[in-house]
Amino acid sequence: MSETDTGAGDAGPFAEQRRLFTLLSQDTRHLIIQELLGHPAHLMSLAELEYMTGKSQAAIKDQLET
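For the sequence shown, my numbering begins at 1 and goes up steadily by one.
Among the clues, some could well be false.
Restraint-style ranges between C-beta atoms, simulated for each label pair [said to hold, decoys possible]:
id, residue 1, residue 2, range
1, F14, Q57, 17 to 25 Å
2, L43, G12, 31 to 39 Å
3, P40, G12, 37 to 45 Å
Hint data in this document are derived by calculation from the structure and do not stem from the laboratory. Predicted, not measured: the structure shown is a model, and the values here were computed from it. Idealized CB from N, CA, C, for every residue including glycine.
Use the sequences and the hints to build the structure in full.
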């Protein structure tokens with residue numbers, strides 16, 4: 001695995017893993033991923049995600065767009 005110049009300077013070889021961990025440790029994102037992976041078709045509608053996670057559609061859209 002090679003390091004690429006990301007402009008982070010001394011971010012180190014595990015910067016991408018830390019970034020992913022930070023993203024996945026967010027509660028809403030974590031719930032969305034759990035529900036998608038647990039869904040038989042892995043294709044949930046926004047309404048299903050809203051119902052299963054208990055989060056608003058706006059919060060879900062925000063997490064999916066970023």
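Going down the list of hints, with the structure as the test:
1. A hinted range of 17 to 25 Å is violated for the C-beta pair F14 and Q57, which are about 34 Å apart.
2. At about 37 Å, the CB distance of L43 to G12 agrees with the hint of 31 to 39 Å.
3. A beta carbon spacing of about 40 Å between P40 and G12 agrees with the range 37 to 45 Å that was offered as a hint.
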